[in-house]
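Engineer: Dock chain B against chain A, hints included.
In order, the protein sequences belong to chains A and B.
For the first sequence, the positions run 2 to 118 when the numbering used here is used.
For the second sequence, the positions run 3 to 116 when the numbering used here is used.
Hints were generated in silico from the structure; no laboratory data involved.
In this text, all values refer to a predicted model and were calculated from it rather than measured experimentally.
Glycine included, every Cβ here is placed at the ideal spot set by N, Cα and C.
Be careful, since some hints might not be right.
Claimed, not checked - Partner residues aside, some chain A positions facing chain B, computed with beta carbon under 8 Å:
| hint | residue |
| --- | --- |
| 1 | Val20 |
| 2 | Arg44 |
| 3 | Gln45 |
| 4 | Ile50 |
| 5 | Ala60 |
| 6 | Phe92 |
| 7 | Gly104 |
| 8 | Lys105 |
| 9 | Leu106 |
| 10 | Phe108 |
| 11 | Gly109 |
| 12 | Gln110 |
As the list claims (entries may be wrong) - Using 20 Å as the maximum straight-line C-alpha spacing, the simulated DMTMM-like pairs for lysine to aspartate or glutamate come out as follows:
| hint | chain 1 | residue 1 | chain 2 | residue 2 |
| --- | --- | --- | --- | --- |
| 13 | B | Lys43 | A | Glu11 |
| 14 | A | Lys71 | A | Glu11 |
| 15 | A | Lys71 | A | Asp27 |
| 16 | B | Lys104 | A | Glu62 |
| 17 | B | Lys68 | B | Asp90 |
| 18 | A | Lys79 | A | Glu11 |
| 19 | A | Lys74 | A | Glu53 |
| 20 | A | Lys105 | B | Glu24 |
| 21 | B | Lys44 | A | Asp32 |
| 22 | B | Lys44 | A | Glu11 |
| 23 | A | Lys105 | B | Glu89 |
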Amino acid sequence: AQTVTQSQPEMSVQEAETVTLSCTYDTSESDYYLFWYKQPPSRQMILVIRQEAYKQQNATENRFSVNFQKAAKSFSLKISDSQLGDAAMYFCAYRRPAGGNTGKLIFGQGTTLQVKP
Amino acid sequence: GAVVSQHPSRVICKSGTSVKIECRSLDFQATTMFWYRQFPKKSLMLMATSNEGSKATYEQGVEKDKFLINHASLTLSTLTVTSAHPEDSSFYICSARPSNEKLFFGSGTQLSVL
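Extracted from the complex, chain B is given alone in its bound form:
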């Protein structure tokens, strides 16, 4: 089946630094990818929709200057958390679909900001 690879799986950074998370579709092209955020034992909240070759679409309440999304190719989307602070600590998950049907998820990235 289709595979979505997400890296890193875990990252610890100092407050004020920026962190980049990569999401790759390994065996299919994805014009659209989705970025979710999940707090412990909570639901997945959609942050933004990443569109290849164009600007991402952010959900209401998500700071686009804080969470920079780049989808420069059909197999790679990146999420950069800029000037990270402890409240940005969370589990981030990407997803992508090879067709108009099934959606596949990456394995997630646990971000801890000290």
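Extracted from the complex, chain A is given alone in its bound form:
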């Protein structure tokens, strides 16, 4: 069975600085998707970034980028130029390739990010 581990329950960063959130996963499959979701105090789940395992290039979305190390099964999220609005709980998630019921996500434990002004 697949598992996702986030070993940092809480992180803090100074506004405008850079922070990296860690995520490791375990799977025996070669094709899959990895995600980072943000959950602000409103508790609405927001997709931050997505990575396809077959792509070697790391995904980027504006200030958000990932460091995807497939062999090490590591998928960290880097937030540059942190803003107060980035404060939230961040979840790393794994999903098997689409099709049938395989759209379900397996989430890590979450990392609460605090942004200090």
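Structural biologist: Quick look at chain B alone, frame taken from chain A:
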């Protein structure tokens, strides 16, 4: 983008009563929807996969008679918490996808059982 609507956003009920939560895909058809449960400051735990026109698939440890799921149309899935007890108090979130790619989440339902 695709929208998933979840209602109610908050519900308070007495112990022993049943509560129904609705999850609607507003601008797409969803043959599959997912129901998650989240405790405060904890991760989302998948409860079940809702399949349109067939029985839901429950995760291990989830009581299917306790958490009834109905997916009667391509745009609506419901989760009914039967004979609710205080330990059922939690945040419930549904999700659905319009294609084989992105997954969209509802805004969640906070259930409080007195």
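Engineer: Determine for every hint whether it applies to the structure shown.
Structural biologist: Verification of the hints:
1. Interface restraint check: Val20 (chain A) against chain B, minimum CB-CB distance 19 Å, threshold 8 Å, status violated.
2. A hinted interface residue such as Arg44 (chain A) counts as satisfied when its beta carbon comes closer than 8 Å to some beta carbon of chain B; here the least separation is about 5 Å, so the hint holds.
3. Annotation: interface hint on Gln45 (chain A) holds; nearest CB of chain B at approximately 5 Å, less than 8 Å.
4. Given hint, Ile50 (chain A) at the interface with chain B, is violated; its Cβ is 12 Å from that chain's nearest Cβ, farther than 8 Å.
5. Hint status for Ala60 (chain A) relative to chain B: violated, with the closest Cβ pair at about 14 Å, above 8 Å.
6. Here the hint on Phe92 (chain A) is kept, as its CB sits about 7 Å from the closest CB of chain B, short of 8 Å.
7. Hint on Gly104 (chain A) holds. Least Cβ distance to chain B is approximately 5 Å, under the 8 Å limit.
8. Given the 8 Å rule on beta carbons, the hint for Lys105 (chain A) holds: about 5 Å separates it from the nearest Cβ of chain B.
9. With 8 Å as the threshold, the beta carbon of Leu106 (chain A) comes within range of chain B, its nearest partner Cβ sitting at about 7 Å, so the hint holds.
10. The beta carbon of Phe108 (chain A) is positioned within 8 Å of a beta carbon in chain B (closest approach about 5 Å), and the interface hint is therefore held.
11. Evaluation of the Gly109 (chain A) hint against chain B yields a held restraint, the C-beta minimum of about 7 Å falling below 8 Å.
12. Contact between Gln110 (chain A) and chain B, as hinted, is supported at the beta carbon level, the nearest pair being about 5 Å apart and thus within 8 Å.
13. Proximity of Lys43 (chain B) to Glu11 (chain A) is assessed by CA-CA distance (about 11 Å); at most 20 Å being required, the pair is judged to hold.
14. Annotation: proposed proximity of Lys71 (chain A) to Glu11 (chain A) is violated, straight-line Cα distance about 25 Å (limit 20 Å).
15. Among the hinted pairs, Lys71 (chain A) with Asp27 (chain A) is consistent with the structure: their alpha-carbon atoms are about 10 Å apart, no more than 20 Å.
16. Simply put, Lys104 (chain B) and Glu62 (chain A) have alpha-carbon atoms about 15 Å apart, close enough for the 20 Å limit, and the pair holds.
17. A C-alpha spacing of about 10 Å is found between Lys68 (chain B) and Asp90 (chain B), which places the hinted pair at or below 20 Å, so the restraint holds.
18. A threshold of 20 Å between alpha carbons decides the hint, and for Lys79 (chain A) with Glu11 (chain A) the separation of about 15 Å falls inside it, so the pair holds.
19. With a C-alpha separation of about 13 Å, the suggested pairing of Lys74 (chain A) with Glu53 (chain A) holds against the 20 Å cut-off.
20. For the hint linking Lys105 (chain A) to Glu24 (chain B), the alpha-carbon distance of about 19 Å falls within 20 Å, and the restraint holds.
21. The straight-line distance between the Cα atoms of Lys44 (chain B) and Asp32 (chain A) is roughly 28 Å, outside the 20 Å bound, and the hint therefore fails.
22. With a C-alpha separation of about 12 Å, the suggested pair Lys44 (chain B) and Glu11 (chain A) falls inside the 20 Å cut-off, and the hint holds.
23. Between Lys105 (chain A) and Glu89 (chain B), the direct Cα distance comes to roughly 25 Å. Violation of the 20 Å bound is thereby established for this hinted pair.
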